[in-house]
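**Q** The listed protein sequences correspond, in order, to chains A and B. If you're matching positions, the first sequence starts at 68 in the numbering used here and goes up one per residue. If you're matching positions, the second sequence starts at 19 in the numbering used here and goes up one per residue.
The set of hints was computed from the structure by calculation and includes no laboratory data. Take the hints with a grain of salt, since some may be wrong.
[As the list claims (entries may be wrong)] What follows is a list of derived Cβ distance ranges for each label pair:
#, chain 1, residue 1, chain 2, residue 2, range
1, B, H359, A, P325, 58 to 64 Å
2, A, E191, B, K55, 22 to 28 Å
3, A, N218, B, I186, 23 to 29 Å
Glycine included, C-beta positions come from ideal geometry on N, C-alpha and C.
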Amino acid sequence: MKTKILSTILATIALPLSAATTITIKGSDTMIILNQRWAEAYMGKNPNVVIQVTGGGSGTGISALINGSTDICAASRPMKQDEKLKLRDRFNTTGTEIPAARDGLSVYLNESNPVKELSFQQLEGIYRGKITNWKDVGGEDAKIILYSRENNSGTYAYFKEVVLSGKDYSPLAQSLPGTAGVVNAVAKDKLGIGYGGAAYAKGIKLCPVKKSAKVAAYEPSLENVKSGKYPISRYLYYYTRVKPSGEIKKFIDWVTGPEGQAIVSNVGYFPIK
Amino acid sequence: MTKQKVVTKIGGLLVLGLVSVRAFGQDTMTMEEMRAKLEEMKSQMDGMSETQQTMLTDVGNLKKLKVSGYIQARYEEHQDHPVDATTPGATADKQDSFAIRRGRIKFTYTANPTSQYVIYPDLSTKDGVTLKEAYVKLTEPWTGTGINLVFGQQNWFFGREIERSSSIREFPERSRVFGKAVFDGERDKGARIEFPDLITPGLNLKAGIFNGNGIKSPQTFDNDKYKHTMGRLAYSLGWLDLGVSGEYARRFALTSSGNANTAKKHIGADAFFYYELPVAGGGSLGGEWLKGEGVQSPAALQARNQGYFISEVQNLGDLFQLAARYDVYDPDLDVDGDAIHTTTLAGNYFWDDNVRLTLAWEHPVTVGFNEVKDDTKTLQFQYKF
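Looking at chain A on its own, in the form it has when it is part of the complex (with noise of 0.2 Å):
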C-alpha cells in the first residue's frame, strides 16, 4: 500500500516535468504560413514542445503580447512607440526584437491586366483616391477597385507609412481580412488592385514597383529584395516580453538558424542574411 502511495506522489510530481512545454505565437496574417511551416518542422524534430500558431494581425499580436496572452508576437511592422509604453507599463520592459524574415511587400494585379509598372507616386495616388481610372497609368480605359487590409494589420501599417508617406487610404479601399482575402479578390476582379506579402502570390500578378518615375521598376525576387533594389521589402518579426529564454530561446534561435531560414525560402518569403 505504501509503495502504491509512493508511486502515485511521484508520478504526480512527475507528471508536469514530463509534460510537453507549450509556446503560443500570435499576430501577423502575413507570417501565418511561415510560422505554421516553422512550428510544424519544429514539433516533428522536438516532440515535447507544442506551438500554438494564430494569426489576427500584427496590431492583434501586440495586444496580446501585452496583455500577456501569447509568448512570441509576430509582427510585419516595428512596435510603435506607444505599444512600446504599453508593453513597459505591464512588464517594465520595451520588448525584445527579432528580424525572423525579410519581404517583399507586393503589389498585386489581375493577371490580365497590362499594367507593367508603377511608381510610389502612382501607387499613392491610386491608394489615396486621386487616380481611379487604370488608363492613367498606363492600363485600359476602365475604374481602378483598390482593395487593402484592416487597419490592425501590420501589411496595411508599413504600406500607409511606406507608400503613402503616413496619408489616409482612400475611404473607396475594400478593407479585407487577410492576405488570401486580398489575393482572392484580385485574382477575379481584373479591374483589382491589393497588396501583401510575397508568398501569397498565387493565381496574380506581382507588379514591378519603382521608387521614382526616374528609377528602373523591380519585381519583389530574392535578389531584387536582397539587394535593395525592390523598394518595398521589410523585416518580418518576433517579439518577447524579454529576452528570449529556454524551450523560447531554442526555437527562436532554430527560426533564425540554417534550418528554419530554408523554410523562410521554400514559402516564398527572403532569408534574414
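Chain A is already provided as a structure; the job is to place chain B on it using the hints.
**A** Below, chain B alone, put in the same frame as chain A:
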C-alpha cells in the same frame, strides 16, 4: 368506375411518373432555364455582397468607438483612522471596510486621424457620477509628427505619476506629495499643446493653460481672472526616461484676514531607469522630486513645500510583481519636523488578462509631531477592459 377508366387513369399516372423520373434523372434544364437560374443566383450574390458592404461599413463605424474602463473593489484596514472625513472627530481605533475606490468607463471616438472625442466618467464616488475627463483632441496632419491640441477637462502633466492611470500603477494610491497635496484631483479644465518627437524621436514637449481650480472645486467656471500654466519636457530612451516640469498659478483666495492673491508654483524633475533580470523579468528604479509654494487646496495656504519619492518595481515572471516606494512630503519648509515619510509595499498578481489582485501596506510616519498610527492595509481586486 369502369375497367377502361381505371386502366386509362393508371396509364396516365405512369406516363406522368415516367416524365417526372426522366425530368429528375437527367439534366433536362434548357440553356434558357440555366441562364435564368444563374441570373437569379448572381442577383442573390450581389444582394449578399451589398449586405456585406453595409455590414462592413457598420462595423467600421462601430470600431471608431472604443470603450474601456476599470473597477477597483477593495477591502481596506485603517489604523486609528477617521471614520469619515466629513464627520469631524469621529474616529475609531481601527476601521475596516469594503469600498469601490474607482469605477470608471471611458469612451473614445476616433472618426479620423485628425480628431478625437473623449469622455471619461467615474461612477463610484459618493456624489454620484463625476466627470474625470472630457475633451476634444486635434492632431495636425501637416508636419508628420502629429502635434496635438487638447481642449477641455484633462490630466495635468507635471511629472510622470500624475498622468499615469491608476489602472496600471503598481500601488493603490499615488504618492502623498504629487497625488494628495500639490496636484489633488490630477485634472483641470483648459488647453494644452503637445509636440511629440520634437527635434528627435523620444523628446516630447507639453505646454498648457488651465483654470487652476482642479476638478474637485465646485465651480463650473474659473473663480478668478488668473490662469494656471504648466510645462513639461521629457526624453525617453526606452531604458531611461528623464523629465523636467514647471507650473505657475496666481490665485484669488479667501483668508481669515480678507481676500488675498496667492501663488502656486513648483519646479520638478523625474528619472526612471528600466532593466531586465534573467529569469525574473523587467524592473524599474526611479523617482520624482518637486519644490515650490502652495498646494491645490486650500488656495490660501501659502507655504514653501518640497517632496519626492523613490520607487522600485520588479516583475517576477509574467504573473507576479513586487513594488516598494518611499515618499517624503514636507508641507512647510519653514517648520521643522513636519515632514511625512511614507513607506508603501505592494504585491500584484495578474490573475488573467483583465484581473489584477493587489495587496499593499502603507506606513506613514510624521517625525517630530504626535505620531498618529495611520497605517493602511489594502486588498484590491481590479477588473480592466
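**Q** Can you name, in rising order, the numbers of the hints this structure does not satisfy?
**A** Per hint list: single violation, 2.
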